[in-house]
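Undergrad: Listed below are the residues making up each chain.
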Amino acid sequence: MEGMYAFCVGLLTACGIFLILRGRSFSVVVGLTLLSYAVNLFLFASGRLKLNAAAVLGESEQYSDPLPQALVLTAIVIGFAMTAFAVILAMRARADLGSDHVDGALAPPSRDAAPKNGGSR
Amino acid sequence: MQHLSIFPILIPLFFGVIMLLPPVSRQLKAQRICSVIAGFCVFVAAILLFTQVSSQGVIVYALGGWQPPFGIALVADPLSVLMVSVTAFLAFAVILYSVAGQDKGGAYFHPLLMFQVMGINGAFMTGDIFNLFVFFEILLIASYALLIHAGGKQKTQAAMHYVILNLVGSSLFLFGLGILYGTLGTLNMADMAIKVGSLQGETATLAKTGALLLLVVFGLKAAMLPMHFWLPKTYASATAPVAALFAIMTKVGIYSIFRVYTVIFGEQAGELANIATPWLWPMALLTIAIGSIGVIASPSIRILSANLVIVSSGSLLVCAAINSIESTAAALYYLVHSTLASAGLFLLADLISRQRGKAEDRFVHSRLMKQPKLLGFGFAISALALIGMPPLSGFVGKIMILQATQSIAETLWIWPLLLIGSLVTLVAFSRAGTTLFWRHNGNEVDEAEIAKPAEILAVGLLLLASPLLVIFGGSMAEFTLHAANYLHDIQRSAYDLLPGVTR
Amino acid sequence: MNALIWLPFLPLLGSLVPLFAARFSRTTCAFMTAILPAITLLLVLSHAGEIFNGSLFQASIPWIPSMGLELAFRLDGLALLFSILILGIGLLVILYARYYLSATDSIGKFYAYLILFMFAMLGVVLSDNLIQIWFFWELTSISSFLLISFWGHKTEARKGARMALTVTGAGGLALLAGLLILGDTVGSYSLQIVLYSGDLIKSSASYPVIVVLILLGAFTKSAQFPFHFWLPNAMAAPTPVSAYLHSATMVKAGIFLMARFYPALANTDLWFLIVSLTGLATFLVGAYIALFQHDLKGLLANSTISHLGLITLLLGMGTDLAAVAAIFHIINHAIFKASLFMAAGIIDHESGSRDMRQLNGLWKYMPYTATLAMVASASMAGVPLLNGFLSKEMFFTETLHQASLGSLSWFIPVLATLGGVLAVAYSTRFIHDVFFNGEPINLPKTPHEPPRYMRVPVEILVALCLIVGIFPSMVVGDLLFAAASATLNGLVPVYSLAIWHGFTFPLLMSVIALIGGLLVYKNRSHLFKFQSQFPASDPKLVFEGIVQSITAKANRFISLTENGSLQRYIFFTLVLAVIMTASSLMKLNTTAGQRAEIPLDALSITCAVLLCLAALATVVCHRSRMMALITLSVVGLIVSLAFAKFSAPDLALTQLSVEVVTIILLILALFFLPQKTPKESSPRRVVRDLGLASFAGGIVGTICYALMTRPLDTISTFFTANSKTGGGGTNIVNVILVDFRGFDTLGEITVLGIAALGIYKLIARMRLYMPSTDDHGRPWSKDKHPILLSVISQSLLPLALLVSAYIFLRGHNMPGGGFIAGLITSVAIIQQYVAHGVEWIKTRIKLDYQVMIGMGIGISTLSGLGSWAFGQPFLKTWFDYFYLPVIGKFELASAMIFDLGVFLTVVGATMLILANLGQLTTSERLTQQEQE
Amino acid sequence: MLILTITAVAVCICIALILNLWRLFKGPSLPDRILALDTMYINAIALILLYGMYMGSALYFEAALLIAMLGFVSTAAICKYLLRGDIIE
Amino acid sequence: MKLLPMPFHSLLLFSVWLLLNNSISAGHIVLALFFALSIPWLISDMHEKHPRIKKPWLAVRYSFMVIKDIITANLEVALLIIGPVKKLTPGFVAIPINLDSDLGITVLASTVSLTPGTVSAEVSEDKAWLYIHTLHLEDEVALIDLIKQRYEAPIKEIFQC
Amino acid sequence: MPLFLEIIICVLLVIGGGFLLLGSFGLARLPDIYTRLHSPTKASTLGITGVLLASMLLQSHLQGFLSIKEFLITLFLLITAPVAANMLAKTALHYRIKPLEKTQNTHLMKPMRSRSQPAKPSDDNAPKA
Ligand code: NA
Ligand code: NA
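Chains as they are written, first to last, in our numbering: chain A, 1 to 121; chain B, 122 to 624; chain C, 625 to 1556; chain D, 1557 to 1645; chain E, 1646 to 1806; chain F, 1807 to 1935.
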């Protein structure tokens, strides 16, 4: 089971990273979401997998490690907040920059536009 | 005073919340008053904490009454109180500056500022590595929101890059944390420091992987090459007080590197001792180099100061790479200096840019400034400080770093880079200063905005820090040495930080 | 501590005086400015007697001990000599500048800079600490920059100042490095110790490095070849500055440095070779260039270079007598060159030009000034009875005693004589070409004598030329001896300051120089013609060109690397992460550990296949965005199932609810984004990214597997043991969240709250692209609120709220909690928004979501603060069991309040985000539809 | 017998899930895919309940309840999006 | 403000709470009462006025009938699904309806969707027609009649609309 | 566990599993979106009800008291499934997805899209406006 689990985590990571490397904000957000699934599963797995061992006193004979679960919960919430911000930022970028490309459709940065002599005289 | 350790976190949180609730939330004026009061309180708390730690030693504050390593503990040690004090001072200046009018142009400026300060202070104070992650996220999300304050295309684009890169960074952080928890089984940094020494063989190898992942994350925050790309645009496009506050943000990354790679993976980490050093060396040196190249290529003050932030990051990373008590002490001094000086320059850039019309802060011919003497004086001060020329604090930091090199090889790598970096900065600043202040068409325009008293006070405070750091350089250097000693000798005091663990 | 400490600081205070005195008349200002330097001079002189008797004054206070920096001063012969020069000539310059500067120049600022420089220079010569020397050294560079660029509106002033600062700054950095190594070698940064550690230093391996670095500092400051080019360009400064800095004091700092470290560093072959050859080259080059200058100040500047070279050469000769001669020439050169600069300034001031092609026959107009200038010039040429002659004689004498070039040693006296010839030639030119040689040509003003008191400083200096020249030992004998003694560590050789030594070889050389110089001057037209064949190169242009080409290269490099492509930045970050982790993972020999694995089952395999296929489909279909969203939902669903399967019901619940909110958010955003992604990655790019992604995925998978198959000993047993007894709950995960690690949760809801605030900021004033059709060009359906959906949503709301309350209340003991409950409530409310629209809701719900966030975080914080009342740390929870007659036993816990805060924050944040985003279009869309 | 039945039913659901995924990929139209997703939610509920029965644990009920509630919300939202573009108006 | 703005919902909430907690202890009854009163009170603004169930007994009978129909419908549909696709005779049907309330229409549409081989696809804007899709359309008129009599009529009676 | 209870549970489970499979089978097999809609809406809903009943019985037995909270899920699904089907049908109509060739009364699709009165069959052939 562990091997399959690890394979899935790796695959999710790979898919997430591939999408993050695309140029469009939506793909990036989807990629980040996939990556955060992978992260959550990974962090969860750091407490090792156990079956029928929910960390609720009296409900199981043995308990899985509750700490990574709590960490993943925190990570999920934070991930949600971050994703939400990124999504709206992507909208804003589309509105402001006229493109949903993560680099926008701006003119090249002013550094290039500056006169070659750098203005020293 | 037993709760003093948590004040630097709770005060901004409390005031941030107050500002979200009516009646304060309805009026900008009330928010400003709140903000200034909060800034002042945080500063006072930080100073009190500083003196308390200086006199009584390290304070461990076990949140929820759960003894570390089981609960989260705040650790007020010399390093963290130093960082918190710098943050508090910087934040106070930034608040002063922003209440003069930069807080307009968008909602929630002051609450966000509070949360940002809370996040930064929390990151410095916490003794728990997952809690460090949480505070990283607080300061990051607040910085995202502050970055887009007052809007504009440049900001949106910069934010896009900044946010996404940091989201990737956060994912890596969690991977790293997962590995470390999966091998060490604990989250308290002192406990990790103890447990890491007994790791052996393949578990140690796995832990090393996690530790190196964290280095990438901290490096990203600290703008370590090749992860520095986000910085110039982000800092240059942010509203002045925000950019000034950001000056401490890269330092959070630096701080974390010192914290993690001297305390946990330091000398006494057994198989994992000093694992970051071989990676830090090349990247730190290249960071200085690329920062210096950026400095010379900078077309405006803001980008110049952003590139200087990269250079200072590189210098600090070099200190981390040297990995000795002296280098850490040097780094801490340099960190305080460079944070305040570059923050001052960011604010100054705004004042200058507002008086130069379309030229803004670019190094081109422009109209005459309204207050050339005042601004010129300020500019000269921050330039001297940042170049590292006497009589201002930069030279002390620089010399301390130079003195901290140990082997000939280190000297041969570091000295030329640092010194040439200084020269490049000197050239850049002399070009900048002469162009900004002397190359004008003589026209004065009436509508140009005069620097307001609060703004001048804020800049003045930040710039004043530099000479003070020199005049009181002796005690300052002594303190940083003390902090560095503590950091490098953590194994001896680790059990004091862990009341819940018996030897 | 004694008065010595105050010596340099009096001028520092003094630099503030003119800023205040500027409001008075210029004379008053000058007078007030002069007071403190004058007092300082008196103080210095008051020490003179004892120093002549061999005393040494020292004073120090600690400053930054860990760095080796202390505030340490020493007043010995050398320092005394230089202090007198700095203060004495400084006072004369103050007087001179009073008349030189025009009414439009800010005299207060000028004096302030000038006195600041005086402070810095005094600091250099009085320092008794290596780092402190450098400290003041750099201050001289800065104040010199300010003075050169005093007329900052002039291009040449800015450029000249920048160049001077760059060159001397670079030298300063070299000097710093040298001094640090020196201090490290000696083991102390105290000059006193260093001066007596000559043998140790010279025998150490780092000696060559030290010498080269320190000399770099000295040579750049003292304008030695090949760093001499900055000095002529610094002539853009007002003439008083040139007289003071660029002849008498600052340029001598390099010389001072060599003299200062003479005991510690000199008298080795390396020293001799570098110093003497550099000096010789500078001596000749400066003299040669000086001859061809048309600018009066240019001539003087280059002659200064030449004379500095001469002194350097003397210091490099390695004999004690040469050192004495060097020091003597320092004095003499300072005197005559300062007076010459002042004279040149007068000429410029009163005739409006410095161009020797225009300036002719001024004798008629200003005979008195001309006389003064002629005397000083003669001293520069080395005419007997003037001070210049004396030291030049000593110089010639020393050149004859050189043997270190072996059989080629005769080169030195010959070249020295050649230099002398050139010196006489340019000195003659200074006199003849300006005061005689026909009539003035096109002068802006009719020249006349300057104001009375403007001449006084020149008069004093010229008088000194004569007095020293005639009564050398009486006037400067003691001073010279003391200075030489300091330079030579007390081992002063026997020397004579007489004017007449009989018919000696040096005298012959002087005669040759005088006659040769006159002849050269007479036939100068040939030389000028010869020189005009070479293209004139302006060092300023060359320097600026270099700086600009470096800037351009840097620009190119930066725009090449920071090309604004986020994909590249992420790529680099990930590549670094991959390299770092891979390098470590390669040492992991066996992936699988000893921990027993859970056997596979069909259900899990099916789910895994589903997950993988859905994830891959998300990648494959990512250009069709809706499709990607659907497959993403599948992935999310399976992930929650996985959490459920592996004993994490809380996680499953959270993941499910977050999933839905995320999907809704993405759908909301998708409306404003293009529906499809264009295909824009090149196949190569895709392959590259696929490679990186799979590599990274492989690494993550490997680590994950390696971790899971190894046993782990964690701190979690503590939580299991204390959850009920210490935290009052049976759901350990929840107890960790609200109690053991409640601080994390407080941070987490703060993040959520901040995110909502930030999103609110983002949404404000957003300009939107609202598609009027979908991506297939179909107009949108007209049915805003389908009837079935509206009715059913309304009925579901109370049920959903009840479920939410249920999940909330059981959280402490069973899977659930404030966060999940908050999300369920939010989803239920959003469902109403979807079903009924914003307008409908607006009239019915009046919740201020921002306040809700504030309340939420506030309540959580306050619940944590409550413990302070009981002297407990923040977030210390409290719980107890109670008994009521009808209801029975029940539990109350402060963690519930904390969780309530979580609940409120989640609802507030989620709604602030979604409702605001939803509202965005509403008003605009209404108007849009009216038009349809 | 119970365990056997549960296993058999689980296999049924596995097949069902795969059929759902097949439809989801095949389409051909978006409503087809959404329908497949919606069906998948229902099958997931069954799966969770079966797991709870298999483990003899009641801890998984809430997860099933949540899927039932939230699955509908997301189906409705996606449909609304396809119909109107803007789901909250 | 009425004490019980939505009595039916209050009853539902009360029983659902006890259902969720699997308990009829005094504490849970108190809580159930609390939620049964407070939630309707909280959201009463959100609720549009719908006709009440005027004939509860009929409603119960109707429910049982629908459940029975669901089961039979499912068997029918099962056969259709398994059977050859060629045999399918799908079709759209427009059913004139005469219900005044949205709730009534919703209940009818839902019932139609859950029972014999039909799915409600659309309600006309004037709420006079219910469009359905059926898997097996043989006699359009008979189908319309069936739906109107078997489902619409009782609903109309239950809600009196 | 008493045998009769076990048998009842198993039967319910088998029914549930069968219908769930059937629903998904129909989803995969049926030829157009409109026919496919029927399959999960009815079969899967019934199937899940079967599983829920089984779960209810088993959990009641295991916990020792009547556990009928599974009813809540059934309730939810019965309420929401028709609405989901309705929304999907609307979407399909909006997307003008062609029904199976032999579908009768396709002329109704146009009024359905515009939510107007049903039109006569002849209108369907009229040129589009
Ligand atoms: Na909307
Ligand atoms: Na039906």
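Possibly wrong hints are sitting among the right ones.
To be verified - Which bits of chain D does chain C cover? Going by a derived footprint, with three or more residues having C-beta under 8 Å, they are:
hint : segment
1    : 1582–1591
2    : 1601–1612
3    : 1616–1622
4    : 1629–1638
Hints listed in this document are in silico derivations from the structure and should not be mistaken for laboratory results.
Glycine included, every Cβ here is placed at the ideal spot set by N, Cα and C.
Undergrad: Are there hints from earlier that the structure breaks, and if so, what are their numbers?
TA: none
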